[in-house]
Amino acid sequence: MKELEFPFDNKYIMRKRKSVRKQLLSDGSLRIKKKIAVLGGSTADDVISALDLFLLNFGIEAEFYKSEYNKFYEDAVFGNPELDEFAPDLIYIHTTSRNLTMLPESPAETEEQVNLRLENQFDRFKQVWVSLVQKYGCPIIQNNFELPLFRRTGSWDGWGISGTAAFINRLNVMLSDYARHNNGFYINDINYLSSVIGLEKWHDTEAWYMYKYAMSTSVIPELSYSIACIIKSVYGKNQKVIALDLDNTLWGGIIGDDGVDGIEIGEETAVGEAYSEFQHFIKNYKNYGIILTVCSKNEEENALAGLNHPTGILRPDDFASIKASWNPKDLNLAESADELGLLPESFVFVDDNPAECAIVNAQLPAVHTVHAESVGKAMYTLSRGGFFEITSVSEDDLKRSDMYAENAKRISQQKKFENYTDYLLSLDMHGEIKDFTPVYLQRITQLTNKSNQFNLTTKRYTQQEMEQVCAMPDRIRLYGRLADKFGDNGIVSVVIGRCEGDTLHVELWLMSCRVLKRDMEFAMLDELVSQCRDRNISKIMGYYYKTPKNNMVSQLFGAFGFDLVEQSENGDSVWKLNITGYENKNKVIKVNEKENIYE
Amino acid sequence: MNKNDVITRLSEVFRDVFDDEDITVSGSTTSADIEDWDSIEHINLIGAVEEEFGMRFKMKEVSGMKNVGEMIDIICERGTK
Numbered sequence: 001m002k003e004l005e006f007p008f009d010n011k012y013i014m015r016k017r018k019s020v021r022k023q024l025l026s027d028g029s030l031r032i033k034k035k036i037a038v039l040g041g042s043t044a045d046d047v048i049s050a051l052d053l054f055l056l057n058f059g060i061e062a063e064f065y066k067s068e069y070n071k072f073y074e075d076a077v078f079g080n081p082e083l084d085e086f087a088p089d090l091i092y093i094h095t096t097s098r099n100l101t102m103l104p105e106s107p108a109e110t111e112e113q114v115n116l117r118l119e120n121q122f123d124r125f126k127q128v129w130v131s132l133v134q135k136y137g138c139p140i141i142q143n144n145f146e147l148p149l150f151r152r153t154g155s156w157d158g159w160g161i162s163g164t165a166a167f168i169n170r171l172n173v174m175l176s177d178y179a180r181h182n183n184g185f186y187i188n189d190i191n192y193l194s195s196v197i198g199l200e201k202w203h204d205t206e207a208w209y210m211y212k213y214a215m216s217t218s219v220i221p222e223l224s225y226s227i228a229c230i231i232k233s234v235y236g237k238n239q240k241v242i243a244l245d246l247d248n249t250l251w252g253g254i255i256g257d258d259g260v261d262g263i264e265i266g267e268e269t270a271v272g273e274a275y276s277e278f279q280h281f282i283k284n285y286k287n288y289g290i291i292l293t294v295c296s297k298n299e300e301e302n303a304l305a306g307l308n309h310p311t312g313i314l315r316p317d318d319f320a321s322i323k324a325s326w327n328p329k330d331l332n333l334a335e336s337a338d339e340l341g342l343l344p345e346s347f348v349f350v351d352d353n354p355a356e357c358a359i360v361n362a363q364l365p366a367v368h369t370v371h372a373e374s375v376g377k378a379m380y381t382l383s384r385g386g387f388f389e390i391t392s393v394s395e396d397d398l399k400r401s402d403m404y405a406e407n408a409k410r411i412s413q414q415k416k417f418e419n420y421t422d423y424l425l426s427l428d429m430h431g432e433i434k435d436f437t438p439v440y441l442q443r444i445t446q447l448t449n450k451s452n453q454f455n456l457t458t459k460r461y462t463q464q465e466m467e468q469v470c471a472m473p474d475r476i477r478l479y480g481r482l483a484d485k486f487g488d489n490g491i492v493s494v495v496i497g498r499c500e501g502d503t504l505h506v507e508l509w510l511m512s513c514r515v516l517k518r519d520m521e522f523a524m525l526d527e528l529v530s531q532c533r534d535r536n537i538s539k540i541m542g543y544y545y546k547t548p549k550n551n552m553v554s555q556l557f558g559a560f561g562f563d564l565v566e567q568s569e570n571g572d573s574v575w576k577l578n579i580t581g582y583e584n585k586n587k588v589i590k591v592n593e594k595e596n597i598y599e
Numbered sequence: 600m601n602k603n604d605v606i607t608r609l610s611e612v613f614r615d616v617f618d619d620e621d622i623t624v625s626g627s628t629t630s631a632d633i634e635d636w637d638s639i640e641h642i643n644l645i646g647a648v649e650e651e652f653g654m655r656f657k658m659k660e661v662s663g664m665k666n667v668g669e670m671i672d673i674i675c676e677r678g679t680k
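Chains as they are written, first to last, in this note's numbering: chain A, 1 to 599; chain B, 600 to 680.
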């Protein structure tokens, strides 16, 4: 719903939230269900009601638990049967600088005394986190602390021994350090948020005196949006691609008219400098695993010439797909999506022309569009839009762009072979299919939570739940990693099965779409069968749970040779395979032969 | 500000906040007349009214208004848009 996309109208959302909620709930979209506990150090009602809307819009239907007013510490540390019964999937701790109890009082305090205050204050919060993780083992989102509006001593407050702002800044650093060292613990940066909105607008002392809201009720949607973005990232619902227009988006001018020498990019002019900063800003997204594509109305030759401009920063090989033609942009974008094996909803489209944004919006409503009115506005919308909210960075993220570029090379090689098996053999593929190991767990969890298409049960796991699965003796767990002569694809497939007597129930089976048609799924099945035999298991039960996105695997078990046991009206199905006479299906990937498959 | 205009616009705010198209407020309307009007919704209502009329209620007014009539009087006196 457009009204809930950044930039949104805070006041509209607060005023219309009831009807907005009804509209969302009746739009027929399927949503994952999550239980979210909000432990508040101040009133949280409106925070929750706005969060509810943003999450619904992100495809997450949340049920909420709300602690009694300012009982976040008690609920966490001493326990609360109601919260136990609720069994949260995720906990948000809604505290602010209003909850700081150990602020320094006087410049007469020594550095040691203030350090002790800092440690005690931090420990009070740490107790909350440690205790929650012990009890519930679920992701935790914690606000850091905003600067107060008032200060007695001018700038001194930001650096002096007893300055409140100085104390808060130091405490925030401690929180960040903690977050970096604790998986499943995320900071909601209200220090940034309150600054970007403006402390004068953020704070409303009367809202505190009257209602115990720790910020102005008019900025609450901004706060809720920030939380919702972290939650959507935790559950793997981030966007993955930036599709970029070229003329007047990545450089000044029109390459077809002005020629390579006529476009503005580089340090010589103010306009050129703006586009240099923008290209640099965009290029760095690649380091976080975000894929870049071009979606431009241009001759391809001109597009490439522009991207090879001597003072340009983005180069043709920074893009996993370049679509420069006179086709409507929604078609170009859909083609890129096909090529990359991604859904349109994974795309953020950036264009200076509002008409092009409108066309893409109308034809592909799932695509997010950013109207690049100016370079500054485009960077601001990308900064605040929450499309690429990062909650963890895996080794695969760091290499993803390269992987897609390698895929482009594979496709061009494919054209040289008449026989597809010959092509697959020519790739010299090596697979590693083994039980989960701790170093891969983060990537396994990440892949599990963001695979939608090649995913039979679409079961999601938090990092903590995955760790629990690792400790269960009755589970067979397999990750699959695939490399070939063009490069390493990293971990691309995950399977989890539960043993019960002589039967294995497949709880999870998924694969990244970037290795479709490489027979990797057969290699996974071969290994699964082999492990079943080791455990004297004679049959495998497969389950397909239909979602709007996983139609591509509705017949996968059939292709594997399973027999259909049950077909439900809602599209779900149950399959069975007797493995006694099973023969290996993969003939093209060499599995577990090399110590290190990417050498 | 014209009192009738204020009542018309105020009714619109109430309809949005309580998501009930049938609400028409008058000077004698109180929280007892509207099912969902509790202390939490009151906060949201006050915010929406302040935004609609470009004014702010004083703290003692927020908790002290006995009926919508008092709210209308304050808006007529201090509303800016």
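Simulated from the structure, these hints should not be mistaken for lab results.
Incorrect hints may appear among the rest.
[What the hints assert, rightly or not] EDC-like cross-link-like pairs, simulated, lysine to aspartate or glutamate; straight-line CA separation at most 16 Å:
| no. | chain 1 | residue 1 | chain 2 | residue 2 |
| --- | --- | --- | --- | --- |
| 1 | A | Lys16 | B | Asp632 |
| 2 | A | Lys11 | B | Asp604 |
| 3 | A | Lys16 | B | Glu650 |
| 4 | A | Lys18 | B | Asp618 |
| 5 | A | Lys18 | B | Glu640 |
| 6 | A | Lys11 | B | Glu650 |
Note that this is a predicted model, so its numbers are computed, not measured.
Results of checking the hints against the structure:
1. A:Lys16 with B:Asp632: violated, 20 Å
2. A:Lys11 with B:Asp604: Distance ~21 Å between lysine 11 (chain A) and aspartate 604 (chain B) Cα, so the pair is violated.
3. A:Lys16 with B:Glu650: holds, 13 Å
4. A:Lys18 with B:Asp618: holds, 6 Å
5. A:Lys18 with B:Glu640: holds, 11 Å
6. A:Lys11 with B:Glu650: Roughly 8 Å between the alpha carbons, so the hint for lysine 11 (chain A) and glutamate 650 (chain B) holds.
Going through the hint list in order, the structure does not satisfy hints 1, 2.
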